[in-house]
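Per the numbering used here, residue 52 is the first one in the sequence shown, and the count goes up by one each step.
These are calculated hints, taken from the structure and not from any lab test. Keep in mind it's a predicted model, so treat the numbers as computed, not measured. Keep in mind that the hints are not guaranteed to be accurate.
Calculated pairs, DMTMM-like style, for lysine to aspartate or glutamate (alpha carbon to alpha carbon, straight line, at most 20 Å) [claimed, not checked]:
(1) Lys181 - Glu193
(2) Lys265 - Asp281
(3) Lys203 - Asp183
(4) Lys144 - Glu537
(5) Lys384 - Glu453
(6) Lys272 - Asp390
(7) Lys384 - Asp277
(8) Lys384 - Asp427
(9) Lys384 - Asp281
(10) Lys384 - Glu270
(11) Lys203 - Glu170
(12) Lys144 - Asp390
(13) Lys144 - Glu123
(14) Lys285 - Asp383
(15) Lys384 - Asp451
(16) Lys272 - Asp383
(17) Lys265 - Asp390
(18) Lys181 - Glu214
(19) Lys181 - Glu170
(20) Lys265 - Glu283
(21) Lys181 - Glu191
(22) Lys94 - Glu537
(23) Lys384 - Asp282
(24) Lys265 - Asp396
(25) Lys203 - Glu214
(26) Lys144 - Asp128
(27) Lys384 - Glu268
(28) Lys285 - Glu270
(29) Lys223 - Glu210
(30) Lys181 - Glu210
(31) Lys384 - Glu283
(32) Lys223 - Glu169
(33) Lys203 - Glu191
(34) Lys285 - Glu269
(35) Lys203 - Glu193
(36) Lys144 - Asp113
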Amino acid sequence: MNRGIALIFVLWLTAVLALAVSSMLLMLRMEVRRCALQEDSVKAFYLARSGLAHALSLLARDANGFDSYSEEWAFIDSTQSELSEEQGRYIVKVEDESGKLNLNMASRDELIRFFGDEEIADAIIDWRDKDDAQSACGAESEWYALAGLPYKPRNGPFETLHELLLVRGISKDTFYGVMRDGRQVSTPARNHLTVYSSVPNVMPDGSPLVNLNKASEEELKSALGDVLTDDEIKAIVRYRIGSQTPQATQRPQQSATQKPPPNETVTQGTTFGSNQTSAVPSRAIITQPPISSLEGMATQGEQQQPQRGSEVQARLFNSLSDLFSVPGMPPDKARQIIDRVTIWDGSARYGVININTASFEVLMSIPTMSEAIANDIIAFRDTNGAFESLSQLLDLPSVDEETFRRLVDRVSIRTNTFRIISVGWMNSGARHVIECVVERLPHSPTEVASRKPQTELFSTSFREPITHSGSSKKDTYTFLVRYWRER
52 MNRGIALIFV LWLTAVLALA VSSMLLMLRM EVRRCALQED SVKAFYLARS
102 GLAHALSLLA RDANGFDSYS EEWAFIDSTQ SELSEEQGRY IVKVEDESGK
152 LNLNMASRDE LIRFFGDEEI ADAIIDWRDK DDAQSACGAE SEWYALAGLP
202 YKPRNGPFET LHELLLVRGI SKDTFYGVMR DGRQVSTPAR NHLTVYSSVP
252 NVMPDGSPLV NLNKASEEEL KSALGDVLTD DEIKAIVRYR IGSQTPQATQ
302 RPQQSATQKP PPNETVTQGT TFGSNQTSAV PSRAIITQPP ISSLEGMATQ
352 GEQQQPQRGS EVQARLFNSL SDLFSVPGMP PDKARQIIDR VTIWDGSARY
402 GVININTASF EVLMSIPTMS EAIANDIIAF RDTNGAFESL SQLLDLPSVD
452 EETFRRLVDR VSIRTNTFRI ISVGWMNSGA RHVIECVVER LPHSPTEVAS
502 RKPQTELFST SFREPITHSG SSKKDTYTFL VRYWRER
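Put together the whole structure using the sequences plus the hints.
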């Protein structure tokens with residue numbers, strides 16, 4: 052009997068030990084798998100970082116004078132390069148923020164054309180302006196309090212795009228679009244909006260554009276003498292100073308603001324989240340307003356009064372299209388130099404739309420834009436890849452010289468600001484995503500410091516600037532991070 056008890060005890064002990072060993076083996080296997088997944092997560096992280104570095108490298112070498120989704124930087128797949136990892140890969144998508152409508156810079160007319168709703172347009176303006184005075188169809192602190200909402204309008208620029216969801220009239224269906232049976236049945240407004248956008252006001256190599264309001268005759272000759280004759284350069288000076296006698300030493304002391312076109316009826320814009328459309332009068336806005344003030348946008352399109360000198364009254368170039376009004380300036384010559392001149396100060400302009408990347412919905416938000424022009428712009432891109440000069444707008448069947456004059460100051464063919472989404476993943480399923488918005492600035496990081504007072508236009512916690520070099524010293528760019536998120 053004692054032997055039977057001993058046998059039972061031994062069997063029971065063996066079972067316990069076997070269970071313990073099995074549990075330990077299972078725990079070891081799980082730990083090994085966890086370590087492998089952690090290792091793959093680290094690899095995915097570095098794959099995503101590699102994708103980001105690849106994108107920045109391509110953007111740093113991009114100096115062709117235009118920015119378009121037909122270029123190499125727009126989509127990157129590591130499997131198509133020698134950088135492919137056997138057990139993983141990275142894919143990078145780059146979006147142009149200047150191909151979107153900037154919520155902090157858009158005029159009331161542009162917002163109405165985009166949303167098709169005056170109440171939404173006024174509510175957005177009330178959210179971002181600096182006072183508590185309610186617009187005709189808008190909403191200020193009192194409205195949000197009466198609605199029982201636990202927040203007030205920012206009364207400052209939007210800091211993130213998702214902040215738009217707090218604004219009266221913006222529903223999730225408007226912002227994200229409507230999905231039905233797994234299909235997108237309405238366009239998400241967020242795909243076409245931004246709080247970051249800027250286009251360069253310098254040449255592709257970073258050298259200054261020629262300021263038509265400030266350059267002397269000698270400077271005009273040095274910069275544009277390969278295209279313009281001496282007489283044509285003198286014609287610019289005569290037009291600028293309002294004199295029939297060339298005076299090369301005379302310089303206007305003011306820079307120009309954008310001359311608004313007359314009010315006119317425009318075509319209907321796209322409505323997000325509903326079936327409404329709207330026809331509204333349009334008025335151009337200045338593309339680089341005072342940084343410290345957004346509430347002054349209603350009046351900043353007004354023309355400044357030129358200063359009076361002792362002998363002549365200075366006359367400003369108020370639009371790039373004024374080149375075509377200079378007596379003695381052949382139109383074909385004006386077309387050749389329009390991408391090499393400017394009337395704005397600073398190295399960047401804000402809220403300007405890149406016609407090479409803008410969607411139909413964003414194009415239709417531009418004052419004076421018609422469906423015919425928007426369709427012609429998209430057709431031109433589909434056929435030719437990109438606009439390489441603003442003057443190519445005149446080649447479109449729907450754009451005559453008067454239409455060009457109303458559009459040219461509101462659009463660009465280049466951009467400074469990119470949203471980069473880099474995804475690195477391993478075959479095991481480990482994945483890492485880096486999403487950031489960067490502003491591409493030429494030359495050294497020391498020049499970035501002088502731009503930081505302008506950052507209230509943007510929404511970011513700043514990181515250290517990222518510097519990438521291309522094939523030569525002239526291809527060195529600083530990428531200033533405006534937004535950063537990892538997941």
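Against the structure, the hints come out as follows:
| no. | hint | in the structure |
| --- | --- | --- |
| 1 | Lys181 - Glu193 | 15 Å, holds |
| 2 | Lys265 - Asp281 | 18 Å, holds |
| 3 | Lys203 - Asp183 | 10 Å, holds |
| 4 | Lys144 - Glu537 | 15 Å, holds |
| 5 | Lys384 - Glu453 | 18 Å, holds |
| 6 | Lys272 - Asp390 | 16 Å, holds |
| 7 | Lys384 - Asp277 | 11 Å, holds |
| 8 | Lys384 - Asp427 | 24 Å, violated |
| 9 | Lys384 - Asp281 | 13 Å, holds |
| 10 | Lys384 - Glu270 | 17 Å, holds |
| 11 | Lys203 - Glu170 | 17 Å, holds |
| 12 | Lys144 - Asp390 | 28 Å, violated |
| 13 | Lys144 - Glu123 | 11 Å, holds |
| 14 | Lys285 - Asp383 | 17 Å, holds |
| 15 | Lys384 - Asp451 | 17 Å, holds |
| 16 | Lys272 - Asp383 | 18 Å, holds |
| 17 | Lys265 - Asp390 | 17 Å, holds |
| 18 | Lys181 - Glu214 | 16 Å, holds |
| 19 | Lys181 - Glu170 | 18 Å, holds |
| 20 | Lys265 - Glu283 | 17 Å, holds |
| 21 | Lys181 - Glu191 | 11 Å, holds |
| 22 | Lys94 - Glu537 | 15 Å, holds |
| 23 | Lys384 - Asp282 | 12 Å, holds |
| 24 | Lys265 - Asp396 | 10 Å, holds |
| 25 | Lys203 - Glu214 | 12 Å, holds |
| 26 | Lys144 - Asp128 | 9 Å, holds |
| 27 | Lys384 - Glu268 | 17 Å, holds |
| 28 | Lys285 - Glu270 | 12 Å, holds |
| 29 | Lys223 - Glu210 | 19 Å, holds |
| 30 | Lys181 - Glu210 | 14 Å, holds |
| 31 | Lys384 - Glu283 | 9 Å, holds |
| 32 | Lys223 - Glu169 | 18 Å, holds |
| 33 | Lys203 - Glu191 | 7 Å, holds |
| 34 | Lys285 - Glu269 | 10 Å, holds |
| 35 | Lys203 - Glu193 | 8 Å, holds |
| 36 | Lys144 - Asp113 | 16 Å, holds |
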